[in-house]
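S.K.: The whole structure should be built from the sequences, with the hints applied where relevant.
Protein chains in written order, with my numbering: chain W, 1 to 141; chain L, 1 to 141.
Treat the hints loosely; a few may be bogus.
Copies of one chain are not kept apart here, so a pair can be met inside one copy or by any two copies together.
Stated by the list, open to error - With a straight-line cut-off of 20 Å between C-alpha atoms, the simulated SDA-like cross-links for lysine to any residue are:
| id | residue 1 | residue 2 |
| --- | --- | --- |
| 1 | 114 | 129 |
| 2 | 114 | 15 |
| 3 | 141 | 23 |
| 4 | 114 | 19 |
These are computed hints drawn from the structure, not numbers from a lab.
None of these values were measured; they are calculated from a predicted model.
2 protein chains.
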Amino acid sequence: MKKKKAKEKIKARSVPFSQTRTRHASETAEDYVEAVMDLIDETGECRVLDLARFFNVSHVTVSRTVKRLNDQDLLLTQSYKPIELTEKGYKLAKKSKKRHEIVLDFLIKLGVDKANAEIDSEGIEHHVSSKTLDAMKRFLK
Amino acid sequence: MKKKKAKEKIKARSVPFSQTRTRHASETAEDYVEAVMDLIDETGECRVLDLARFFNVSHVTVSRTVKRLNDQDLLLTQSYKPIELTEKGYKLAKKSKKRHEIVLDFLIKLGVDKANAEIDSEGIEHHVSSKTLDAMKRFLK
DNA sequence: CATCATCCGTAGCCATTGCTACATTTGTCC
DNA sequence: GGACAAATGTAGCAATGGCTACGGATGATG
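M.R.: Structure, rendered in structure tokens:
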């Protein structure tokens with residue numbers, strides 16, 4: 001093993017890789033509260049099937065996820081009733097939406113067409129630190 | 001139901017989420033082949049435990065994922081032997097690394113400090129379309 | 001108020017990504 | 001060549017997120 005020094009440095013790089021499962025779970029939470037907020041805002045209420053159509057998944061997937069987010073105190077649900085946001089969920093939704101808008105506007109100003117900007121901003125928004133968000137804000141000015 | 005029109009428009013928005021979900025599937029593959037390439041380059045070989053330390057997960061998780069990527073013809077593995085890249089895996093690794101570098105350089109030029117740029121570029125790189133990548137390249141010039 | 005369509009919940013399947021605990025292989029050192 | 005440590009594999013559990021199939025709840029309409 002000739003390059004031992006190099007191997008010793010490897011561990012340091014694990015920092016950027018947060019646990020994929022955990023990360024995906026909080027991405028879902030952000031997407032859901034944001035969608036619930038938008039749907040209530042635009043249509044007056046948010047139903048399981050609205051979310052299913054919004055995310056293009058089955059109502060079963062939505063139902064299970066909504067139940068989990070209810071347990072996490074982000075949403076309020078009752079069987080066969082519209083979905084509401086908790087205070088905590090509403091705060092997260094506003095923060096996510098704000099960040100999403102900044103990323104979207106940023107990509108458009110960077111010269112990306114609207115369709116691609118919308119797709120990419122959806123994926124990117126969950127991986128943007130406050131420092132990067134600040135840099136995007138500066139660029140927008 | 002007064003705001004029916006608004007509800008009818010919801011379906012159209014599912015597109016970005018479908019794309020994001022599809023990308024999640026290949027994220028792991030890209031991270032792994034890129035890591036394997038880097039580890040071979042820097043230390044001469046790539047072992048299961050090297051990847052475990054690199055990603056900060058258990059060797060079991062790595063072992064299982066490596067087996068799957070072997071089935072997908074991206075990696076070559078034999079029990080208790082170093083991990084190698086296939087031609088297909090090497091091509092994907094080079095492409096991923098290139099994209100990763102562009103995103104990282106882009107964030108730094110945007111004014112993000114190196115530490116945050118490294119973390120964010122790792123998450124962002126998987127959600128950048130070719131259009132957005134082109135826009136980043138233009139910005140770098 | 002009965003019926004029927006729509007909405008939603010539950011059961012139960014699969015894949016991915018995490019883990020611990022335990023078994024096996026490999027390589028090194030005496 | 002035996003023993004021991006390190007590396008790797010296997011078994012099996014949990015959480016998340018996808019699905020279909022089926023059944024119960026709700027609300028609108030006759």
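S.K.: Up to 20 Å between alpha-carbons, please classify residue 114 paired with residue 15: within, between, both or neither.
M.R.: Answer is between: at 13 Å across copies they meet the 20 Å cutoff, but 33 Å inside does not.
S.K.: What label fits residue 114 with residue 129 when the C-alpha limit is 20 Å: within, between, both, or neither?
M.R.: Classified as between: cross-chain Cα gap 12 Å, same-chain 23 Å, threshold 20 Å.
S.K.: At most 20 Å between C-alpha atoms: does residue 114 with residue 19 qualify within a copy, between copies, both, or neither?
M.R.: So residue 114 and residue 19 pass the 20 Å test across copies only (15 Å; inside, 29 Å).
S.K.: Given identical chains, is residue 141 near residue 23, meaning Cα to Cα at most 20 Å, within a copy, between copies, both, or neither?
M.R.: neither (28 Å within a copy, 31 Å between copies)
Hint compliance for this structure: hint 3 alone is broken.
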